[in-house]
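Novice: Here are the chains, one letter per residue:
2 protein chains.
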Amino acid sequence: MLLDLKDLYGKEKELSNEKIILEGWVKNHRKQKEFGFIDFNDGTCFNNLQIVYDNSLDKFLDIQKIHIGCAVRVTGELVNSTGDKQAKELKLSDIEILGDCPIDYPIQPKRHTREFLREQAYLRPRTNLFNAVFRVRSVAAFAIHKYFQDRNYVYFHAPLITASDCEGAGEMFQVTTLDLEKIASGGQVLYDKDFFGKKTSLTVSGQLQAETFAMAYKKTYTFGPTFRAENSNTKTHASEFWMVEPEMAFCDLDGDMEVMEDMLKYVIKYVLDNCPKEMAFFNQFVEPGLLDKLNKLINSKFTRIDHEEVITILKKADVKWEFEPEYGEDIAKEHEKYITEYFDGPVFIKNWPKDIKAFYMKQNPDGKTVSAVDLEVPGAGELMGGSQREEDYDKLLARMKELGMNTSDLDWYLNLRRYGGCVHSGFGMGFERLLIYLTGVDNIRDVIPYPRCPKTCEY
Amino acid sequence: MLLDLKDLYGKEKELSNEKIILEGWVKNHRKQKEFGFIDFNDGTCFNNLQIVYDNSLDKFLDIQKIHIGCAVRVTGELVNSTGDKQAKELKLSDIEILGDCPIDYPIQPKRHTREFLREQAYLRPRTNLFNAVFRVRSVAAFAIHKYFQDRNYVYFHAPLITASDCEGAGEMFQVTTLDLEKIASGGQVLYDKDFFGKKTSLTVSGQLQAETFAMAYKKTYTFGPTFRAENSNTKTHASEFWMVEPEMAFCDLDGDMEVMEDMLKYVIKYVLDNCPKEMAFFNQFVEPGLLDKLNKLINSKFTRIDHEEVITILKKADVKWEFEPEYGEDIAKEHEKYITEYFDGPVFIKNWPKDIKAFYMKQNPDGKTVSAVDLEVPGAGELMGGSQREEDYDKLLARMKELGMNTSDLDWYLNLRRYGGCVHSGFGMGFERLLIYLTGVDNIRDVIPYPRCPKTCEY
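So the protein sequences, as listed, match chains Y and G. Under the working numbering, think of the first position of the first sequence as 10, with each following residue one higher. Under the working numbering, think of the first position of the second sequence as 10, with each following residue one higher.
Misleading hints may appear alongside valid ones.
You can't tell identical chains apart in this list, so a pair holds if it fits in one copy or across any two.
Said to hold, decoys possible - Once the Cα atoms are required to be at most 20 Å apart in a straight line, the calculated PhoX-like pairs of lysine-lysine come out as:
(1) Lys68 x Lys274
(2) Lys68 x Lys97
(3) Lys155 x Lys278
(4) Lys191 x Lys208
(5) Lys410 x Lys15
(6) Lys404 x Lys74
(7) Lys20 x Lys329
(8) Lys377 x Lys36
(9) Lys278 x Lys244
(10) Lys278 x Lys20
(11) Lys464 x Lys208
Hints in this document: simulated from the structure, not taken from any laboratory. These numbers come from a predicted model, not from an experiment.
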């Protein structure tokens, strides 16, 4: 019976008299004079299977020569293990080498630094750490889809190439089929000769287009790549990353926060339930206390507080700030940290000064703030940001003009307010931010299979 | 009780004495002297709800003035309908306008041409046709995720910006932060000053990177955007589209075909089960016979036949070909059509002449063909393409050199064959091709929310 290793676990009893065949890789090989142990995994689950063999097998001497990293087909019987690390092990009856591996194979069963593994990015999913990280990435992505699909949201594929430059903050990558060498020699840039007949870039957000779907389907979400051409080499910035952007009609800022909180708890719980081994590994080796942190979040009620009140708390705090907190201004990392510790849990900071927020956010009656919200979580800072959108045509137009924006490019966006527009809200969550929070792995380069960062575009 | 319309259907009995509140849009409004009917929908499901009101309501005259397209909150009771188009209707007790809509609103309840709606792309999801198309897009996307996740595949986010130009066929878009105007005036292109320190483009396929995940997780799949800068304005080509690329270790060409067939049947069945109204609509108004076509496919066994044998059949056929079929050459649309009609169902054409296929495909012992496969389906032609990958290091290297490829750029790809490499296979499915097949909508521009094509980059 040919199986995935994952399907073997949990069915050990039913399989106890079956001839079992597995195909996968040798993770470790410990040899004794008369017997040997192979740690086997096919990648479908986190835990290796121990394979035991002894010199009663004809091939015994050949088996002892099998290298770490080899692809093998193993046949055997599931028996009770005499070791205390596992309940069951596979008593080998046959093994076939499907793909050899030389002894200079870089991924040996020892501790490798993350920096070393970043240079071997194409091999690192074979290590425990990265195997766990990228499986959690996959499972968390599915949890996000499942959360929204189960709640009548329509998945919207936002366009990635865009001719608009007013989607929001952030430097953009240009996309072109013009021949740069010809431009260099010819001295002219003719965008009407470019592929799309105009200047185009990679999107920094699908939100504005997602609003068109919210006005048709009530609830929609994007989940796709976005891009930033910012030359910042930090642990939390990548040039290409995945973002989730839900958008809900008939939903105000309070409703927005409800979805943010509910979705986050759902996804965390889904990953804890479906990746228990991976999460236990992170808890033990990456971030001690991780499971407590996540379980606490799931069971907490998130605090909701105005930006202004946050500044008051920060000003009253007996702390020597690097950046002095000020009304009407943004808050710094140290402030985010303080405020989540102050409330001992996640905090929605809402009603931000309008001048530091985007043009499309709902203007509050005070004339000073907008109905925007950031979710700050303990140990990670800002995890999501959202807002009620300005649904008033005149106010939105006035704000765009005030900011000197080209309104004709966005006439369709403005028209959403004329044609049955309504109160609506949405938010964005950087998927990698969530993964950093979920796994305890603190560098964004280690939660993206092939990260793109300034001066880095390998594989 | 505030509900999504979708959650009302199927629960009519439980809800029959409840006060029901819904928020959505007026799709149609028929007024009589003493009563009126509003077709209401909130976008969470295909079927409108009929709302009836009469002049016993205080607001009767105001209600009669409500325009098509308005966003409204309605309150009422679910009652048996006297009409024969629906079992239940909502007897209105109150209605509130949440967002007005002028009478020049472009989406009136009449037939609009698809060309007209393409120009109003931001409003078209509000029409029956496009509402159905983009919901099916969302549900089919989820079905793909669910199929693979339920079968132990890891979802792999392939990088979109790439420095490699050897991923496969297809013209590429360049991605840059160089200032083109400066290049025009300065006369020099300095890629070491570009964002990534080298020339980069948008990917045409994530397959090569997906193979690295198959060698770690056994089974993996990509589902993300890909790009082609081909200047072809056909009904089946877009410059930006979504692709699914599964990749399986320990899987040969036969196993590959099994997954292709099984996945396709699963996704079609999932959509039929979960979008019955939408599919009935396509069957009635877009492609008569669609449901029969899809049900027949689900219940058929796909034919498997060698390319060579296909050519023999084509040559024997009593048909005047526009393009004469030839051994060793590609087949044309007319041939695809003939062969699916000949076998009266989907056909896997396998073992293609190596010179018309990609470098990474498994070289067969005959020295002439590779273990590649295309799936041809009746009425749509090629829906997927896959192959067993060349797992032999020396043969792969020789083929790359033969084709004049720069092998040092792909040393990591070659190394996959050295480090526990094994028989593996995969395939690619253009997601929009599937949607065209599923919906009967025959233009790719009508199954992508905001299509990007030569000279077209709107919204």
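Novice: Against this structure, judge whether each hint is valid.
Specialist: Structure-based check of each hint:
1. Lys68 x Lys274: The answer is neither: 52 Å in one copy and 43 Å across copies each exceed 20 Å.
2. Lys68 x Lys97: So Lys68 and Lys97 fail the 20 Å test inside a copy (23 Å) and across (74 Å) alike.
3. Lys155 x Lys278: both (13 Å within a copy, 18 Å between copies)
4. Lys191 x Lys208: both (17 Å within a copy, 15 Å between copies)
5. Lys410 x Lys15: Close neither inside one copy (58 Å) nor across copies (40 Å); limit 20 Å.
6. Lys404 x Lys74: neither (75 Å within a copy, 26 Å between copies)
7. Lys20 x Lys329: Classified as neither: same-chain Cα gap 58 Å, cross-chain 59 Å, threshold 20 Å.
8. Lys377 x Lys36: neither (60 Å within a copy, 37 Å between copies)
9. Lys278 x Lys244: For Lys278 and Lys244, the Cα distance exceeds 20 Å both inside one copy (26 Å) and across copies (44 Å).
10. Lys278 x Lys20: Close neither inside one copy (24 Å) nor across copies (29 Å); limit 20 Å.
11. Lys464 x Lys208: between (24 Å within a copy, 11 Å between copies)
Violated hints for the displayed structure, listed by number in ascending order: 1, 2, 5, 6, 7, 8, 9 and 10.
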